[in-house]
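A.B. asks: Sequence:
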Amino acid sequence: MNQITPGAAVSHAAFRLLRSHEIESLQLRVEQYEHSATGAMHYHLAANNSENVFLVALRTVPTDSTGVAHILEHTALCGSERYPVRDPFFMMLRRSLNTFMNAFTSSDWTAYPFASQNRKDFANLLDVYLDAVFFSRLDPLDFAQEGHRVDFAEPGNPDSDLVFKGVVFNEMKGAMSSVSSTLWQTLCEHLFPTVTYHYNSGGDPEHIPDLSYEQLKSFYRSHYHPSNAIFMTFGDIPAHEHQAVFEARALQRFQRLEERIAVPREQRLSAPLRVERSYALDDSGDTAAKTHIVIGWLLGESTDLEQQLEAQLLSSVLLDNSASPLMHALETTELGQAPSPLCGLEDSQREMVFSCGIEGSEASSRDALEALVLEVIARVARDGVPQAQLEAVLHQLELHQREITGGGYPYGLQLILQALGPATHYADPVAVLDLDPVLDALRRKVSDPAYIRQLAQRLLLDNPHRVTLVMTPDTQLSQRRLEAETRRLAELKAGMDASAKQAVIELAQKLEQRQQRKDDPGVLPCVTLADVPERIPELNYTEYARGPLRLTRYTQGTNGLVYQHVVAPLPALSEDDLALLPLYTRALTEIGLGDEDYLQVQQRQAATVGSISASTSLRSELHDVQRLHGYFSLSSRALARNSRAQASLMRDTLEQVRFDEDARIRELVSQSRARREQSVTGNGHGLAMAAACAGMSGLASINNRLGGLEGIRRLKALDDSLQQADARDALRDALTRVHTQVIAMPRELLAIADEHAAEAVCHEALALWGDAVGGSQDRATLSAAPVLEARREFWVANTQVNFCARAYPTVPIGHPDAPALTVLGGFLRNGFLHRAIREQGGAYGGGAGQDSGIAAFRFYSYRDPRLVETLDDFDESVRWMLESQHDPRGLEEAILGVIGSLDKPASPAGEARQHFYNRLFGRSHAQREAFRRAILEITLDDLRRVAGCYLTPERASTAVVSNRKQQEKLGSALAELELRVEVL
Numbered sequence: 001m002n003q004i005t006p007g008a009a010v011s012h013a014a015f016r017l018l019r020s021h022e023i024e025s026l027q028l029r030v031e032q033y034e035h036s037a038t039g040a041m042h043y044h045l046a047a048n049n050s051e052n053v054f055l056v057a058l059r060t061v062p063t064d065s066t067g068v069a070h071i072l073e074h075t076a077l078c079g080s081e082r083y084p085v086r087d088p089f090f091m092m093l094r095r096s097l098n099t100f101m102n103a104f105t106s107s108d109w110t111a112y113p114f115a116s117q118n119r120k121d122f123a124n125l126l127d128v129y130l131d132a133v134f135f136s137r138l139d140p141l142d143f144a145q146e147g148h149r150v151d152f153a154e155p156g157n158p159d160s161d162l163v164f165k166g167v168v169f170n171e172m173k174g175a176m177s178s179v180s181s182t183l184w185q186t187l188c189e190h191l192f193p194t195v196t197y198h199y200n201s202g203g204d205p206e207h208i209p210d211l212s213y214e215q216l217k218s219f220y221r222s223h224y225h226p227s228n229a230i231f232m233t234f235g236d237i238p239a240h241e242h243q244a245v246f247e248a249r250a251l252q253r254f255q256r257l258e259e260r261i262a263v264p265r266e267q268r269l270s271a272p273l274r275v276e277r278s279y280a281l282d283d284s285g286d287t288a289a290k291t292h293i294v295i296g297w298l299l300g301e302s303t304d305l306e307q308q309l310e311a312q313l314l315s316s317v318l319l320d321n322s323a324s325p326l327m328h329a330l331e332t333t334e335l336g337q338a339p340s341p342l343c344g345l346e347d348s349q350r351e352m353v354f355s356c357g358i359e360g361s362e363a364s365s366r367d368a369l370e371a372l373v374l375e376v377i378a379r380v381a382r383d384g385v386p387q388a389q390l391e392a393v394l395h396q397l398e399l400h401q402r403e404i405t406g407g408g409y410p411y412g413l414q415l416i417l418q419a420l421g422p423a424t425h426y427a428d429p430v431a432v433l434d435l436d437p438v439l440d441a442l443r444r445k446v447s448d449p450a451y452i453r454q455l456a457q458r459l460l461l462d463n464p465h466r467v468t469l470v471m472t473p474d475t476q477l478s479q480r481r482l483e484a485e486t487r488r489l490a491e492l493k494a495g496m497d498a499s500a501k502q503a504v505i506e507l508a509q510k511l512e513q514r515q516q517r518k519d520d521p522g523v524l525p526c527v528t529l530a531d532v533p534e535r536i537p538e539l540n541y542t543e544y545a546r547g548p549l550r551l552t553r554y555t556q557g558t559n560g561l562v563y564q565h566v567v568a569p570l571p572a573l574s575e576d577d578l579a580l581l582p583l584y585t586r587a588l589t590e591i592g593l594g595d596e597d598y599l600q601v602q603q604r605q606a607a608t609v610g611s612i613s614a615s616t617s618l619r620s621e622l623h624d625v626q627r628l629h630g631y632f633s634l635s636s637r638a639l640a641r642n643s644r645a646q647a648s649l650m651r652d653t654l655e656q657v658r659f660d661e662d663a664r665i666r667e668l669v670s671q672s673r674a675r676r677e678q679s680v681t682g683n684g685h686g687l688a689m690a691a692a693c694a695g696m697s698g699l700a701s702i703n704n705r706l707g708g709l710e711g712i713r714r715l716k717a718l719d720d721s722l723q724q725a726d727a728r729d730a731l732r733d734a735l736t737r738v739h740t741q742v743i744a745m746p747r748e749l750l751a752i753a754d755e756h757a758a759e760a761v762c763h764e765a766l767a768l769w770g771d772a773v774g775g776s777q778d779r780a781t782l783s784a785a786p787v788l789e790a791r792r793e794f795w796v797a798n799t800q801v802n803f804c805a806r807a808y809p810t811v812p813i814g815h816p817d818a819p820a821l822t823v824l825g826g827f828l829r830n831g832f833l834h835r836a837i838r839e840q841g842g843a844y845g846g847g848a849g850q851d852s853g854i855a856a857f858r859f860y861s862y863r864d865p866r867l868v869e870t871l872d873d874f875d876e877s878v879r880w881m882l883e884s885q886h887d888p889r890g891l892e893e894a895i896l897g898v899i900g901s902l903d904k905p906a907s908p909a910g911e912a913r914q915h916f917y918n919r920l921f922g923r924s925h926a927q928r929e930a931f932r933r934a935i936l937e938i939t940l941d942d943l944r945r946v947a948g949c950y951l952t953p954e955r956a957s958t959a960v961v962s963n964r965k966q967q968e969k970l971g972s973a974l975a976e977l978e979l980r981v982e983v984l
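Going by this note's numbering, the sequence shown opens with residue 1, and the numbers climb by one from there.
Check the hints yourself; a few may be wrong.
[Stated by the list, open to error] Distance windows between CB atoms, simulated:
id: 1; residue 1: ASP367; residue 2: SER20; range: 48 to 58 Å
id: 2; residue 1: GLN723; residue 2: ASP875; range: 45 to 55 Å
id: 3; residue 1: GLN255; residue 2: GLN215; range: 17 to 27 Å
id: 4; residue 1: ALA8; residue 2: GLU538; range: 51 to 61 Å
id: 5; residue 1: ARG514; residue 2: GLN215; range: 18 to 28 Å
id: 6; residue 1: ALA930; residue 2: ALA785; range: 24 to 34 Å
Derived from the structure by calculation, the hints contain no laboratory data. C-beta atoms are modelled at their ideal positions from N, C-alpha and C, and glycine is treated no differently.
Turn these sequences into a full structure, and let the hints guide you.
C.D. replies: What follows is the structure in structure tokens.
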């Protein structure tokens with residue numbers, strides 16, 4: 001791990017240093033400053049890390065469900081005082097080498113973060129973000145586009161029906177299609193009857209149209225002020241440099257606001273509450289066993305570190321894994337299909353919520369579930385838990401504290417978000433980051449056997465602020481909501497005179513004119529291709545061998561953690577066995593080993609490693625997409641002191657696993673089914689793209705069968721079949737057969753550790769695995785028959801919005817046209833699709849991109865109110881590419897976007913993993929550098945050539961994820977589109 005940036009904390013003259021605190025375990029220093037004039041807080045995490053991170057957060061406390069904070073987050077980014085262009089946020093996305101750019105609306109704060117490794121780029125983004133947050137224009141047309149508006153269904157025709165439009169309106173329709181989102185929102189509504197968490201901060205589609213433009217501006221004035229702001233930075237740029245910009249660009253124009261925005265404590269219930277509500281199930285089939293039952297408690301304050309860790313300890317003891325008493329009860333009960341996705345502790349709000357429950361149940365099971373849950377908690381309060389289990393929980397807390405994860409967020413941003421909650425509520429964010437002293441104190445407390453018993457009694461059993469929520473399926477709810485929305489719009493239209501109708505038409509015209517207008521991007525700062533580094537760094541590694549066994553070692557800054565992988569080529573599997581790979585890899589680390597049943601194995605895992613999991617990775621050859629290679633991997637992470645036990649656990653997992661725990665495997669199938677079905681509302685665009693591409697190569701077909709809509713449908717059928725004993729027997733035999741073939745393949749090892757542990761870890765691993773190398777190198781490996789066929793599918797799922805995809809067969813990564821196709825995706829998104837699909841069409845997102853792994857170019861939309869029109873926009877974007885004149889700056893922006901994604905850093909361990917698997921699949925550093933150089937040399941003529949060559953209508957495949965209502969609405973149009981209906 002890199003050392004902390006040297007030198008003492010130094011502040012700008014407008015700020016005063018309140019404290020400086022070094023956190024050795026994270027190798028950083030936290031510096032806390034206050035802006036003298038406004039009282040704005042600045043927390044700087046000084047670290048020897050060139051990926052600098054900025055975040056400014058505002059405490060936002062809505063008093064209704066109109067989504068005012070969420071719509072403001074969108075609208076604030078649509079033009080500001082110094083940057084009066086229509087869309088500076090998305091324009092900067094493509095004029096930057098950022099490693100992260102976004103904005104978030106939480107339940108009680110709104111945050112604007114970015115990260116970059118390039119100092120010029122960081123300075124550019126900081127200028128734009130400060131102006132957007134504190135000097136936003138808040139144009140009424142942007143409110144209409146991003147929030148909500150009414151328009152005529154036939155634009156310009158006042159005799160047609162009115163419809164609601166707006167990006168956030170459609171986004172939240174999609175978000176609230178998720179049953180888990182509906183569950184959580186409804187639970188909070190009753191756990192928090194009087195404070196801001198009672199409301200949906202993202203916005204309830206039923207209430208979003210109630211928000212006025214004047215209310216939006218008023219909320220901005222009262223909340224978007226430096227006195228209500230928290231600035232957070234991470235990296236090697238000194239705090240005083242940041243502060244100089246904060247002061248010059250924003251803070252010097254403000255005075256202190258004395259009003260303090262805060263969330264009060266909730267008024268406590270005197271007795272438990274029972275609530276029954278419905279959720280929309282857009283399926284005319286059987287509603288049996290589709291009820292969700294959740295029990296939630298309101299606990300203490302998340303800002304009190306002692307209370308937070310006590311709650312975390314108790315939650316982990318009860319729910320951490322399948323051996324935990326409450327999780328075991330929820331997984332094995334006959335009352336439901338699987339534990340609820342809401343199981344666990346939510347500590348991001350001022351007061352914490354502990355919840356648990358089941359899905360796939362019946363409303364009549366409420367009392368029995370309550371009795372079961374309370375009995376398990378009472379048993380813990382009476383008997384406690386084994387000391388080894390408490391030690392395992394503390395072990396997991398320590399691991400979590402030390403791990404530098406990837407997870408899509410820069411490491412510095414992960415730390416900042418961890419600290420943001422306490423800072424929002426005027427508490428101490430430093431204590432949350434420096435957990436080592438608190439963990440030591442907690443260890444002393446748990447040595448008292450009475451401690452955990454008292455926590456269970458005090459936090460849960462003696463706590464009357466409890467809500468039991470039953471959510472039943474209602475197949476007519478979506479229709480009633482649609483009818484209510486239609487009536488509301490009809491009443492609104494009935495109250496309009498001719499001038500009011502004309503105003504609607506004029507608003508739509510003004511908005512379209514504004515969307516079509518080309519802003520001058522020159523007002524925004526930018527980086528150019530001259531700012532792009534010439535080379536990408538190469539990682540060093542060391543290879544060891546013991547006989548035929550090879551081990552690759554990477555020495556990386558892992559903060560005291562060790563990452564070990566056992567890797568083997570995937571064997572030649574039958575079609576049926578191949579389809580079992582996702583279940584096989586899920587089950588492998590969740591079932592018994594030798595004489596240990598799965599509960600004992602879970603306890604051993606919790607005490608030994610932070611995680612252990614199996615996975616498969618498949619890629620096509622560099623120059624031939626119809627030839628593929630696949631690898632199986634068993635991986636784990638652990639504290640360095642446990643590396644020997646870690647390796648031993650991994651070997652036992654491969655050599656002693658047994659597939660005879662039928663009841664456990666049935667639980668895993670049910671749980672996987674529930675999670676995969678719920679994934680549609682969050683990943684519908686990915687599933688639609690996988691379906692559209694399924695006919696383009698053997699790998700694309702496998703991807704759809706294993707991880708796509710076909711895979712979900714197969715999993716549902718498997719789950720239903722396991723009610724029969726012969727199906728359970730067949731599954732046990734099939735899993736055993738797959739495992740026998742996997743472990744017969746030759747193995748190699750990967751070890752990633754810091755310099756203090758790496759050598760020892762390698763010698764331990766080689767000694768342990770030296771006599772267990774698997775089979776010979778000449779065994780048959782996985783292959784797939786070549787595939788090239790068009791697919792046209794309309795998938796009916798439980799969603800209120802559409803996810804559209806269109807795809808074309810192209811070329812693999814090694815083909816000379818792959819770089820141009822890669823740049824083309826960003827060029828189409830930036831120049832055409834963003835405006836057409838999001839701004840004009842109202843979808844939450846849309847775009848295009850080349851997937852060279854499966855040799856396909858894919859268009860997509862996300863949470864989209866339209867369908868046919870979006871598919872037309874995909875086609876129109878290609879005509880635009882071929883027939884219009886284009887600004888070379890647009891090409892440079894598209895290239896910058898590709899380079900930014902190629903150069904984006906992962907965590908230290910993630911960088912090593914990526915490097916190892918690239919080499920394993922034949923992607924050398926030289927090839928990646930050659931691809932990157934080719935990207936930098938792409939011309940507009942290259943883009944026109946590949947668009948004309950590959951994106952032709954007769955080559956297109958289409959897939960849409962939608963719902964039954966949309967199917968009925970389209971009627972004969974489905975046949976005209978040649979879309980075959982598939983039911984998930």
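A.B. asks: Now tell me, hint by hint, if it's right for this structure.
C.D. replies: Evaluated hints:
1. ASP367 x SER20: 48 to 58 Å: holds (56 Å)
2. GLN723 x ASP875: 45 to 55 Å: holds (46 Å)
3. GLN255 x GLN215: 17 to 27 Å: holds (25 Å)
4. ALA8 x GLU538: 51 to 61 Å: violated (35 Å)
5. ARG514 x GLN215: 18 to 28 Å: Cβ of ARG514 to Cβ of GLN215: about 22 Å, so the range 18 to 28 Å holds.
6. ALA930 x ALA785: 24 to 34 Å: About 31 Å separates the Cβ atoms of ALA930 and ALA785, which means 24 to 34 Å holds.
Comparing the model with each earlier hint shows a violation of hint 4 alone; every other hint is respected.
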